[in-house]
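Undergrad: Take these sequences, add in the hints, and give me the full structure.
Sequential numbering of the sequence shown, starting at 1, is according to UniProt numbering.
No wet-lab data here; the hints were simulated from the structure. Quick reminder that beta carbons are idealized off the backbone N, C-alpha and C, glycines included. Any given hint could be a false lead.
Within a straight-line C-alpha distance of at most 25 Å, the following computed DSS-like cross-link-like pairs (lysine-lysine) qualify [said to hold, decoys possible]:
#  : residue 1 : residue 2
1  : Lys217    : Lys67
2  : Lys67     : Lys192
3  : Lys216    : Lys204
4  : Lys212    : Lys61
5  : Lys163    : Lys138
6  : Lys175    : Lys138
7  : Lys216    : Lys39
8  : Lys97     : Lys217
9  : Lys67     : Lys175
10 : Lys67     : Lys212
11 : Lys109    : Lys61
What follows is a set of in silico ranges between Cβ atoms, one per label pair, in the way DEER data are often shown [stated by the list, open to error]:
#  : residue 1 : residue 2 : range
12 : Val101    : His132    : 21 to 31 Å
13 : Gln66     : Glu140    : 25 to 35 Å
14 : Leu98     : Ser157    : 19 to 29 Å
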Amino acid sequence: MFRNYAFGERRLISSEEKKLLYATNNNNYIIMHFPEEEKNDVWRNYLSGFSWEILDNFGIKTHYIQKLNIREQLVKSTHPYPFSLKVTNISSPEINKLIGVPEGTKFDKPLVEWYLTQDSSKNLISQEHIVHFEVTTKEEAEQIKNISLRVNDVISSYFLSWKLYISEITLKFGKNEENLVLIDEISPETCKFWNKELDTEIPKDEAYEKMKEIYKKTNNHNKSDS
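TA: Shown next, in the form of structure tokens:
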């Protein structure tokens with residue numbers, strides 16, 4: 001749809017989190033670029049787009065529109081919130097250090113944590129902080145939390161069907177007009193995976209290989225159905 005669209009001269013607006021965001025001649029759209037010098041640049045683009053499409057099938061709103069090429073995707077322009085949410089399904093070393101729950105403990109229900117993400121740092125805060133300091137409203141904070149749990153459920157269930165277990169996922173949100181939407185990316189940069197047989201975290205490079213395999217098999221299956 002937009003692959004041959006002329007977006008005019010690009011203007012760099014962000015260079016954080018190992019990716020570049022460019023404004024276009026249309027204020028509604030931003031180009032997200034995964035730099036060639038960053039490891040797994042192409043696959044971050046493909047796997048993130050793949051994950052957004054999974055969520056779209058479940059009616060979950062994201063900033064994603066489409067891939068433009070192997071390193072770029074077109075996304076909706078949003079006003080990002082200065083926080084992220086981490087949804088954890090299995091106790092991590094950080095949680096073990098914080099409250100003593102043994103690493104690898106599977107939770108009966110996911111743990112949701114809020115992090116302030118200003119100035120390239122991440123500090124653990126509470127949902128009450130977000131509301132008290134009027135970063136967002138109480139109702140919207142609850143909505144963001146519920147969407148995060150829904151995303152965790154959908155993405156975890158999908159990859160579990162391929163025997164890949166998500167131990168935690170980090171999500172970011174923004175506002176597009178009056179709509180809450182997921183932004184950033186979903187890839188092994190924002191997810192951690194667990195090896196249930198060895199009862200240990202899967203290294204990032206191995207997680208990329210497993211997600212690549214799922215992506216390729218899914219694409220081949222879709223092509224054979226068309």
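Undergrad: Could you tell me which of the numbered hints above are not met by this structure, giving the numbers in increasing order?
TA: 5 and 8
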